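> What follows is each chain in one-letter form.
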Amino acid sequence: MPEAVRTYAFDACAAGAENSTVVAPGVTIAERRPRSMLNVRGDPADAGLASALRESFNVTLPLEPNTVTAAGATRALWLGPDEWLLVSERHALQPPASPGRGTLTDLSHGRAVLRLSGPDVRAVLAKGCGLDLHPREFPVDRCAQTAIAKVSVILDHVQPDVFDLYCPRSYARSFWGWVTEACAEYGCRIAPPAS
Amino acid sequence: MLSIPCPYCGPRDVTEFSYGGDGNVRPPTGPDAASEAAWSAYVYLRANPRGVHEELWQHSAGCRRWIRVTRNTLTHEMHGSAPARASAAAS
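Heads up: the sequence lines are chains A and B, in that order. Okay, so the first sequence: first residue is 1 according to the numbering used here, each after it adds one. Okay, so the second sequence: first residue is 1001 according to the numbering used here, each after it adds one.
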């Protein structure tokens, strides 16, 4: 079966806005286009679920709240004591046939993802987000679900000074407006989408 | 602004939470046999204490779990929180 043509929520916002000429940008914005996102629900102690995730995706679920485990190009984000988000850059994650007593739901089209990076990224996020994002409190491989500019966002600290923001795709245009406005004073480069 | 200690996520702004009311109000046991007055009390009557109050909150913009928070209604001091399910099982 041919794969359906995929459209991306930030396309309409970012198209034509790319500006690689900004010198020493405080923040760089790029849409991120992960191939696949799966929502996992289940008891982390369930051996069937754990082994299905290990065999299918080579992933071990993080048990500490608001942390991320990374396995190759796949990241597993803690969303709740019985809920996680698996995100893969490159692979189409196929839910395993028998995930124990867990449930896996493909949400790949549900959220749009922006990657913000640069020395001023925390100053931008602080304008709309009440969390303490200092590296001491919010180190790499920590995630959080919160509201940024009143949009419900999953925040993932991928690398030092690099944050992925997952917003509901129907909010993408409004969120894009807020992000670009918040970034403007620091010098903002809009980069082409990263897959 | 209140800062509510989520037992999973740590302290978060009150804007991330939805209020779930008094944490110790339970429906009358034996719903068919319970009197109209007992049902009326369950639905409408609340203690409204001045001081320590146990209440339910949902971390709706965060981990979406229901939690039980002990809060001083006079000073807004937070005395701790626990997952709602765990404390329901314990009582």
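Don't read these hints as lab results, they were simulated from the structure. Note that the structure is predicted; figures quoted are calculated from it, not measured. Glycine included, C-beta positions come from ideal geometry on N, C-alpha and C. Keep in mind that the hints are not guaranteed to be accurate.
[What the hints assert, rightly or not] Over the 12 Å line for every Cβ pair with chain A, so calculated as not near, a few chain B residues:
1) Asp1013
2) Thr1015
3) Gly1020
4) Asp1022
5) Pro1031
6) Trp1039
7) Tyr1044
8) Ser1060
9) Gly1062
10) His1079
11) Pro1083
[Unchecked claim] Partial pick of chain B residues on the chain A-facing surface, computed with a CB cut under 10 Å:
12) Cys1006
13) Gly1010
14) Arg1065
[Claimed, not checked] Label pairs and their in silico Cβ distance ranges:
15) A:Ser170 <-> B:Pro1011: 49 to 55 Å
16) A:His91 <-> B:Thr1015: 43 to 49 Å
17) B:Glu1036 <-> A:Arg136: 56 to 62 Å
18) B:Arg1046 <-> A:Ser170: 24 to 30 Å
19) A:Glu64 <-> B:Glu1054: 22 to 28 Å
20) A:Lys150 <-> B:His1076: 20 to 26 Å
> Taking the hints in turn, state whether each one holds.
Status of each hint after checking the structure:
Distance check on Asp1013 (chain B): its Cβ comes as close as 4 Å (rounded) to a Cβ of chain A, failing to clear the 12 Å threshold; non-interface status is violated. Annotated as non-interface, Thr1015 (chain B) brings its C-beta within 12 Å of a C-beta of chain A; the closest such distance is 7 Å. Residue-level check passed: Gly1020 (chain B) sits 17 Å from the nearest beta carbon of chain A, beyond 12 Å. Distance check for Asp1022 (chain B) against chain A: the nearest CB is about 24 Å away, which clears 12 Å, and the non-interface claim stands.
Distance to chain A confirms Pro1031 (chain B) as a non-interface residue, since its nearest Cβ pair spans about 29 Å, more than 12 Å. Distance to chain A confirms Trp1039 (chain B) as a non-interface residue, since its nearest Cβ pair spans about 33 Å, more than 12 Å. Non-interface call for Tyr1044 (chain B) relative to chain A: holds, since the shortest CB-CB distance, roughly 32 Å, exceeds 12 Å. Chain A draws Ser1060 (chain B) into its interface by the beta-carbon criterion, the shortest separation being 9 Å against a cut-off of 12 Å.
Not every CB of chain A is more than 12 Å from the CB of Gly1062 (chain B) (nearest about 5 Å), against its label as outside the interface. Under the 12 Å C-beta cut-off, the non-interface status given to His1079 (chain B) relative to chain A holds; the minimum distance is some 21 Å. Look at Pro1083 (chain B): its CB is around 8 Å from the nearest CB on chain A, not clear of 12 Å, so calling it non-interface is violated. Taking 10 Å as the C-beta contact cut-off toward chain A, the hint placing Cys1006 (chain B) at the interface holds, the least distance being around 9 Å.
Nearest Cβ of chain A to the Cβ of Gly1010 (chain B): about 8 Å, under the 10 Å cut. The hint holds. Checking Arg1065 (chain B) against chain A: minimum C-beta separation of about 6 Å stays under 10 Å; hint holds. At roughly 30 Å, the beta-carbon separation of Ser170 (chain A) and Pro1011 (chain B) lies outside the given 49 to 55 Å, and the hint is violated. For the pair His91 (chain A) and Thr1015 (chain B), the supplied restraint of 43 to 49 Å is violated, since their beta-carbon distance comes to about 36 Å.
The hinted window of 56 to 62 Å between Glu1036 (chain B) and Arg136 (chain A) holds, with their beta carbons roughly 57 Å apart. The beta-carbon spacing between Arg1046 (chain B) and Ser170 (chain A), approximately 37 Å, falls outside the hinted interval of 24 to 30 Å. Look at Glu64 (chain A) against Glu1054 (chain B): about 27 Å separates their beta carbons, and that is inside 22 to 28 Å. Remark: the range hint 20 to 26 Å for Lys150 (chain A) to His1076 (chain B) is upheld by a beta-carbon distance near 23 Å.
When each numbered hint is compared with the structure, violations occur for hints 1, 2, 8, 9, 11, 15, 16 and 18.
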